[in-house]
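There are 2 protein chains.
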Amino acid sequence: MRSVSVIGVGLSKFGERWDTSFRQLIAEAGVKAILDSGIDGKDIEAIYGGCMASGRFIGQEHIGALIVDQLGLNPIPSTRLEAACASGSVAFRNAYLAIASGMHDVVAVGGVEKMTEVSVEDAATALGGAGDQEWELFIGATFPALYALIARRHMQEYGTTEEQMALCAVKNHDNGSKNPYAQYQNKITLETVMNSGVIASPLKLFDCSPITDGASAVILTAKNQHVKILTSQVATDSTGLAGRESITEIKATKLASQKAFASANIDPQEINVAELHDCFTIAEILALEDIGFAKKGEAGPRLEKGQFKLGSKGLIVNTSGGLKAAGHPVGATGVKQVVEIVQQLRGTAGKRQAEGDAKLGLTHNIGGSGATAVIHILTNKGKAFNKN
Amino acid sequence: MRSVSVIGVGLSKFGERWDTSFRQLIAEAGVKAILDSGIDGKDIEAIYGGCMASGRFIGQEHIGALIVDQLGLNPIPSTRLEAACASGSVAFRNAYLAIASGMHDVVAVGGVEKMTEVSVEDAATALGGAGDQEWELFIGATFPALYALIARRHMQEYGTTEEQMALCAVKNHDNGSKNPYAQYQNKITLETVMNSGVIASPLKLFDCSPITDGASAVILTAKNQHVKILTSQVATDSTGLAGRESITEIKATKLASQKAFASANIDPQEINVAELHDCFTIAEILALEDIGFAKKGEAGPRLEKGQFKLGSKGLIVNTSGGLKAAGHPVGATGVKQVVEIVQQLRGTAGKRQAEGDAKLGLTHNIGGSGATAVIHILTNKGKAFNKN
Numbered sequence: 001m002r003s004v005s006v007i008g009v010g011l012s013k014f015g016e017r018w019d020t021s022f023r024q025l026i027a028e029a030g031v032k033a034i035l036d037s038g039i040d041g042k043d044i045e046a047i048y049g050g051c052m053a054s055g056r057f058i059g060q061e062h063i064g065a066l067i068v069d070q071l072g073l074n075p076i077p078s079t080r081l082e083a084a085c086a087s088g089s090v091a092f093r094n095a096y097l098a099i100a101s102g103m104h105d106v107v108a109v110g111g112v113e114k115m116t117e118v119s120v121e122d123a124a125t126a127l128g129g130a131g132d133q134e135w136e137l138f139i140g141a142t143f144p145a146l147y148a149l150i151a152r153r154h155m156q157e158y159g160t161t162e163e164q165m166a167l168c169a170v171k172n173h174d175n176g177s178k179n180p181y182a183q184y185q186n187k188i189t190l191e192t193v194m195n196s197g198v199i200a201s202p203l204k205l206f207d208c209s210p211i212t213d214g215a216s217a218v219i220l221t222a223k224n225q226h227v228k229i230l231t232s233q234v235a236t237d238s239t240g241l242a243g244r245e246s247i248t249e250i251k252a253t254k255l256a257s258q259k260a261f262a263s264a265n266i267d268p269q270e271i272n273v274a275e276l277h278d279c280f281t282i283a284e285i286l287a288l289e290d291i292g293f294a295k296k297g298e299a300g301p302r303l304e305k306g307q308f309k310l311g312s313k314g315l316i317v318n319t320s321g322g323l324k325a326a327g328h329p330v331g332a333t334g335v336k337q338v339v340e341i342v343q344q345l346r347g348t349a350g351k352r353q354a355e356g357d358a359k360l361g362l363t364h365n366i367g368g369s370g371a372t373a374v375i376h377i378l379t380n381k382g383k384a385f386n387k388n
Numbered sequence: 001m002r003s004v005s006v007i008g009v010g011l012s013k014f015g016e017r018w019d020t021s022f023r024q025l026i027a028e029a030g031v032k033a034i035l036d037s038g039i040d041g042k043d044i045e046a047i048y049g050g051c052m053a054s055g056r057f058i059g060q061e062h063i064g065a066l067i068v069d070q071l072g073l074n075p076i077p078s079t080r081l082e083a084a085c086a087s088g089s090v091a092f093r094n095a096y097l098a099i100a101s102g103m104h105d106v107v108a109v110g111g112v113e114k115m116t117e118v119s120v121e122d123a124a125t126a127l128g129g130a131g132d133q134e135w136e137l138f139i140g141a142t143f144p145a146l147y148a149l150i151a152r153r154h155m156q157e158y159g160t161t162e163e164q165m166a167l168c169a170v171k172n173h174d175n176g177s178k179n180p181y182a183q184y185q186n187k188i189t190l191e192t193v194m195n196s197g198v199i200a201s202p203l204k205l206f207d208c209s210p211i212t213d214g215a216s217a218v219i220l221t222a223k224n225q226h227v228k229i230l231t232s233q234v235a236t237d238s239t240g241l242a243g244r245e246s247i248t249e250i251k252a253t254k255l256a257s258q259k260a261f262a263s264a265n266i267d268p269q270e271i272n273v274a275e276l277h278d279c280f281t282i283a284e285i286l287a288l289e290d291i292g293f294a295k296k297g298e299a300g301p302r303l304e305k306g307q308f309k310l311g312s313k314g315l316i317v318n319t320s321g322g323l324k325a326a327g328h329p330v331g332a333t334g335v336k337q338v339v340e341i342v343q344q345l346r347g348t349a350g351k352r353q354a355e356g357d358a359k360l361g362l363t364h365n366i367g368g369s370g371a372t373a374v375i376h377i378l379t380n381k382g383k384a385f386n387k388n
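For the protein sequence lines, the chains are W and E, in the order given. For the first sequence, position 360 matches number 360 in the working numbering, and the numbering has no gaps at all. For the second sequence, position 312 matches number 312 in the working numbering, and the numbering has no gaps at all.
Bear in mind the hints are in silico, worked out from the structure with no lab data behind them. For each residue, glycine too, the CB sits at the ideal point set by N, CA and C. Don't take each hint at face value.
Partial list, derived from the structure: chain W residues whose beta carbon lies under 8 Å from chain E [as the list claims (entries may be wrong)]: (1) G41; (2) S101; (3) T239.
DSS-like, lysine-lysine: derived pairs with alpha carbons at most 30 Å apart [as the list claims (entries may be wrong)]: (4) K313(E) to K254(W); (5) K313(E) to K178(E); (6) K42(W) to K42(E); (7) K42(E) to K259(W).
Whole structure, please, built from the sequences with the hints as guidance.
This is the structure:
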């Protein structure tokens, strides 16, 4: 397998983008990534696009063709990949493999979703398609309900508290306040979360990531440049919660991250910055534990101690604001996580920059309630990470 | 690039499958393909699934996870790819590339769509998402309307007649009557087509492929076995018709097939059997001409002369019954085309078997009105095709 580097990144502003269209969001992120890479659009050999539910949100399928058309790059191959909220990471992974395998030399990856053109009820139903439609959504189990079951069980088994979960949201809003692309750039307090309306107990409004419009793009190349991808791993599990061995862990996250650390030959403790999938606050706690950043049941207490936030020692989590504050345009999220890690590894994250030299960054993106988990580890080649 | 062979094929019965569910269709085709291949399910390293609009049709996304879960094969990677009606071929192509590049040794490909759980109006709207939603569907241009524009212009420029188009449907129903998996296994006459209700003039009901439930699956391996894939090519074009240089040809088909013939080092005239994308009868005429099986404007007259049908000399087209008679479960169609060609090359197509030794077969799958075109050429290694 060849070495693969990220040489360009671009984001649209995330938020309620009533001012623009799905295809314009693609261009907004895509053109930035191409300009940032310094390559000519004509050098791009293929496009991989992540999008979850454009059919439900805007009535448009055939997203690969739409992306290549919008960027004026046809007739090159352009493929849409879908893995619910992990669609962006799955697109990134397949683009990475296309270069690593020697098939292509320069590839563009995009992620996009425009979710605000339908009612919140219709959006919740569309998102329910990320789980098991027949055995969960049909009987009323929307995503807040599924994650509420997980949260309640985690509280029961490990003593995790609503306040500990809330601290994820507070931290991520702090980070989002420093991110000009974030949907929410306002800080919140523990009380903001605790006093917000109950969505599915114990989850309250501020435990939940929002409905978001947005797009993200990166350019990959076979050349060994700043920033390098160390590994890309994915694992799958039962679509519905009922098929899982346990609901207080995401087994697919554990498997994918174990493979990632083994393949990159590093330990979780060596990661400096991570973008974790906080669709709900409990999901960030699960990710911290399942990846091995915290022992089982200890993520909550460590959040209480002020860990994982900018300025703290050790791993810094969700400097972008995460899904909670930066927003969660589902198909775009996985690629946005990579954009943030690249900026951290380049040292260009501005007010969000983690202190010290960030040498290793990780992205963790979940599809549905954990039926797909994708882990990427990136390294700052410029600062010469060399394990051996 | 390594050699890639198809070692197992499977289909569900195509049709209005009120008796079964989306996930059961996957199992119906998938288990057959695994059994046909002679491998153990545990040998499968990854799954690529094609599905266009499950979100619109059954409220379910995250199809990669659903497939791997349904086949009991998690935690291996399982990815859904979407390119409208070419979703199956794009899944097949990416699986082929995964093996050719050395990434995997054994991969399963599935295609699936369950289209009859919504009204015909809702299905037509969902399918409209294969074209340009903003610039075509929103103003009322459904797919029959788009292909009617193409047909009318082709009649004007080349003298193609409604009768010539109708003969595609007659031929394909003849073939479908020999296919136990086909949605329609009844022969029809020229009068059946000509006297059927007008859908979008000049296209009548029997010029149009139906709404279908169905699934298809194949198993690919790196071993050099019977049947071998010679090449996989794709090209893209503008999503909407308004962006095209011409609407009497599908430029993406021309580009993809030119690349395919060059890459395989063969001429169109060497192909024995082809499955062409006849979503509407005019589409088969375009494909015959754009791939180079007939000169521009001559496909219609050659159909009148009785060419391309079983028992005629030269190329035999759509022995499966094509989209018209076998049915068009959009995400499944591209993989079903491969299943048919494999059966022809194996000599196991029964009453549909083309006479003589079929040595080279081609599949042609279109997304939307031609924004994506995928060409695969397969060869019967057992009968020792050797160009050089």
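Outcome of the hint check:
| no. | hint | in the structure |
| --- | --- | --- |
| 1 | G41 | violated, 14 Å |
| 2 | S101 | holds, 3 Å |
| 3 | T239 | holds, 5 Å |
| 4 | K313(E) to K254(W) | violated, 59 Å |
| 5 | K313(E) to K178(E) | holds, 19 Å |
| 6 | K42(W) to K42(E) | violated, 42 Å |
| 7 | K42(E) to K259(W) | holds, 18 Å |
Going down the numbered hints, you'll see the structure goes against 1, 4, 6, while the others check out.
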